[in-house]
Every structure is written in structure tokens, then in C-alpha cells.
Amino acid sequence: MSARLGPVAVLAIVLGIVFFLTPLIVTFAFSLWEGGDRYGFAAYRSLVGDPDLWASLLLSLRLAAETMLLGMVLLVPSMIFVHLKAPGLKPLFEFIAALPFVVPAIALVAGLSALYTGPAWLIGTPNYLVIPYFFLALPYAYRAIDVGLSAIDVRTLTDAAHSLGAGWGQVFRLVLLPNLSTALLGATLLTLTIVMGEFTFASVLLFKTFAVYINDTGSSKVTEAAALSLLSFVITWAAMLGVLLTGRNTTDLGGTH
Amino acid sequence: MPALLARAVPWLFVAAFLAFVAAFMLAPMVTVLVQAVWGDHGPTLAYVRQLGEYRYATAFANSLILSAAAAAVGVVGGGLLAYALLRPGAPGWLRSAMTSFSAVAANFAGVPLAFAFISTLGTLGLLTAQLKRLGIDIYGLGFSLYSLGGLTLTYAYFQVPLMLIIITPALRGLRAEWRDAAENLGATVWQYWWRVGLPVLWPSLLAAFVLLFGNAFSAYATPYALTAGNIQLVPTEISNVLSGNVMESPQLGAALAAGMIVVMTAVLLVYWLAARKAARWRR
Chain F
2 MSARLGPVAV LAIVLGIVFF LTPLIVTFAF SLWEGGDRYG FAAYRSLVGD PDLWASLLLS
62 LRLAAETMLL GMVLLVPSMI FVHLKAPGLK PLFEFIAALP FVVPAIALVA GLSALYTGPA
122 WLIGTPNYLV IPYFFLALPY AYRAIDVGLS AIDVRTLTDA AHSLGAGWGQ VFRLVLLPNL
182 STALLGATLL TLTIVMGEFT FASVLLFKTF AVYINDTGSS KVTEAAALSL LSFVITWAAM
242 LGVLLTGRNT TDLGGTH
Chain W
580 MPALLARAVP WLFVAAFLAF VAAFMLAPMV TVLVQAVWGD HGPTLAYVRQ LGEYRYATAF
640 ANSLILSAAA AAVGVVGGGL LAYALLRPGA PGWLRSAMTS FSAVAANFAG VPLAFAFIST
700 LGTLGLLTAQ LKRLGIDIYG LGFSLYSLGG LTLTYAYFQV PLMLIIITPA LRGLRAEWRD
760 AAENLGATVW QYWWRVGLPV LWPSLLAAFV LLFGNAFSAY ATPYALTAGN IQLVPTEISN
820 VLSGNVMESP QLGAALAAGM IVVMTAVLLV YWLAARKAAR WRR
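Protein sequence lines, in the order shown, are assigned to chains F and W.
Take the position in the first sequence, starting the count at 1, then add 1; the result is the number in the working numbering.
Take the position in the second sequence, starting the count at 1, then add 579; the result is the number in the working numbering.
Honestly, the hints are just simulated from the structure, not real lab data.
Small disclaimer: the values here were computed from a predicted structure and weren't measured.
All C-beta atoms, glycine included, are put in the ideal place defined by N, C-alpha and C.
Be careful, since some hints might not be right.
[Unchecked claim] In silico BS3-like pairs for lysine-lysine, Cα to Cα no more than 30 Å straight-line:
1) K856/W / K222/F
2) K856/W / K91/F
3) K222/F / K209/F
[As the list claims (entries may be wrong)] Non-contacting residues of chain W with respect to chain F, defined by C-beta distances greater than 12 Å in every case (computed):
4) R586
5) A598
6) G618
7) D619
8) P622
9) R628
10) R674
11) S681
12) G689
13) A695
14) R754
15) A807
16) A845
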């Protein structure tokens, strides 16, 4: 570090690095602890052999995929149409995208449980979680897609495609989605991050997702929980790396705190 | 007919989205707000008044104190870190490494974060044990990870990076010419910050503070996994009512949730006002 950095700046950077790295390094060391002075990969071996881990991981991945799919069907086309046909509705969409911030997850789940006590095909399976997850991801997905939409000339592209005889299906499939692929990938990865870490809804509604599995493990097996925490960090890291590499647009922030 | 259908398609998609939002976001929100003031025999303020009971007043006080502390730590820590990294002397690779790391850490929260801190600084944590070996018994000295202070420290792990991300554009907006001009006129570093830097930055800092406050206020998974309900917070109290851990009517849970919505609405309004004021200095 050059001498032009004042002591305050150097101190801030050093403290920041120490604070960020310490929990990760110590948690890794802790995950290797086998009791006493023995260290090894016992926690990791026991996790790999636990079918519940794979079941919960797969469930969370499936829910993430379903949430993305719902976003592609429900959010992307309506945002494009508002952009094209009804810019007057944009403030309403901005307002809706801010709602999940105003209604925290725990408050939304209170409302959902009070309002919907059936039917069983809706609320009885883990797929029910896709509904709240859609809203958790909405502010971030909205921002990413909005940035993508303002970066391309949607109107000219659409008019050109229509004038060549394309229907809406072709316009979406062949023109708009490829042009928005970067923004959509960004939104997708943010959704993945959020859903993989989501605990509130799954825990209250009693579905065993990945985060719930980590919590259950932590109550009895501490070193396994440490290993899982690191795995979760790696998943977040991989998804965010993807956002940074593909998007090059502003990284936004998840909401599963 | 196909032409008519083609014209209707866009509106069908927009309508579907709005209907979905109305059914699963607005309706639950209204349900919570109405349920909070609606008893078995019509409108009542009994449940809202119940929030004044010791247990729930404590929960709100704890949540507000924790959120304010976690926001303050985030603003100061993240602000200083962002400022340090933007100094001309800071190496570029470190700046980009920290920015990328912040994107991850700001999203790394909830249960895994809680367990990372338990592994590190919990009663059986590795760092706690190592420090004890060195003769520093942090729990003997009054530290506890399972306290409001410990929660604040844990929250800092996502608040500081979040601050770094949201304040960096505002700090970049502080033009070097302003500083040069102040220095040429004989201003000290402190005078520059007091007379130029902070007056320009304060709307951004306020916007960041309330955003971090809201972020901490709505956090549920982290305190749940960390304190197992030993510290009363509004979100954990709501889940206690929902899961039947306490014998309370659902209306009380709704009143608690309505309280959260009121706080978060205030947070968002302050944020919007501050962000609008902050935009004045951007071009």
C-alpha cells in the first residue's frame, strides 16, 4: 500500500480484511474438528452420506428453478409489454417491486397463512413456496430486467420483427429474449442465491429446504453445520461470480437475512 | 380474430401479473393490517394495545436498538472501507476484490452466517477457545455472541458489504476538484469534510442508514439460528405466534406483523426522500 494512503484508510482496509476473512477461515478449521486435538474430514464424509442433505439440496434447487420459471412467465413478458405499450403503468410496477421490502418475509408468511388455509394441492406441497419466493426475488429481478430493457431499443426491434410477419411468440423467442439474455441471466442467478438461502418461509411453513436442513443439523452436529455454512457460502459466491462476470451491471443484493 | 387475439395478448400477461400480486402480496398484507384491528366481535384495538405489554414492547425495543446499532456499524464501517478503497493510493486489485467479495457477503446471511459466527465466536467457537488459551476469556469479559451486541457483530458481516456497495457511487460523486479547491483556499482535511464532503454526502448517508436499518429490522433467519429465541425480537415473536410456541391469538401475530409493516413503510419513505435529495448532486 502506498504512502499516500492515510493511517485511517490503511486501518480501515486491514480491519475490513481481517473481519471478512476470520469467520470463513475459522469456520473452515472448525468444520475439520473431530473432537479433542484430531482434525480431518469426518464432518464432510458424514454429510455426503446423509440422504437428507441431497434431498434438501435438490428441493431448494428445484424451487429455485420453478421460481425462475414463474418469473419468466409472469414478470418478464409483463415488464416488456409495460415498457412497450403502457409506460404509464411503470410507476405501479416500481411500487410493486418495492412492496417486498415493506412487507418483510415473516410478515408476508403471517398474512399468507391467515388468508390461505387450502386447497391442499396449493399449500400442501413445497411448491407453495414458489409464490413467496417470487416476491423475495422480485425487487432484484425487476431491477436487473429493467436495466436490460433500457439498454436495448425494444420498440424498434419489436416493430421490425412484426413488420416481417413475426407473431408475439416469435418476437419473444427470436428477438427479445436473446437480446435480454445478460439481464435475464443476472436475474436468474440472483433468484438462485435468494432461494438457496431462504429460511423464513420454509421454516414457518414446515418444508425441509436446504437452509432448514442446515438449521436442523446445527442443533445436534456443530461441525457438520460449519461445513454446510461454507458450502452455502461457496454457492452464493459462485452465483455472484456469475452475476459479476455476465452482467457487468450493478450487482444487487439478496434478501434472506 | 387472430389480430384481436394478438392485441389482447400483452394485456393478458400484464393482467396475470397484477392479479398474482393482488392475490399473494396485497391480499396477505391487507389481511394482516385488518386482522390486527379486527377481533371476534368487530373492530378492536385490543391487539394493538397488547403490543404495549412488556414482552412485546421489549421485542420492538430490541429490534429497533439492534437495527439502529447494526445500521450504524454498517454505515461507519462500510463507509470508511469504501472511502479507503477509493483513495488514489489503494491498489486497484484490492478494490475490485473487495467489491466482488461484498456482493457475496451482502448476500451471505441467514442460517449459514449464524453458524459461521457460532463456529468462530460461540461459547465453543474455535476463536473463543484459542483466545482462552492465550489467556483472554472473552465470555468472562462480558462478551456474548447470543446478545444484542453479538447479533450486531454478526449483522455487520452483511451490513458492512451492503454499505460498501451502496455508498461507493456517492463517494465517487465527490469531485476531486472540490477537494483541490478547498485545499487551495487553505482548508484542512476536517474543514473540507465538515464544510463540503458531509453536506454533499449526508442525503446518501441517510438513505444508506435507513436501508441498512430496514435490512436488519426484517432479518429473521440469522437471529433465529443464533439466539434460538433467547432474545425477543419482533420477527421471532411473530414466528412464535405462528408456530403456536406461545398461546396467543393469531390476531396478535397480525398486530406484530402490522407493526413491522408500519416501521418498514416509514423506512422506505425516508429512503425515498433522502435518495431524491442525494440525486441532486449526481449528473
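Of the numbered hints stated previously, which ones are contradicted by the structure, given in increasing order?
1, 4, 5, 10, 11, 12, 13, 15, 16
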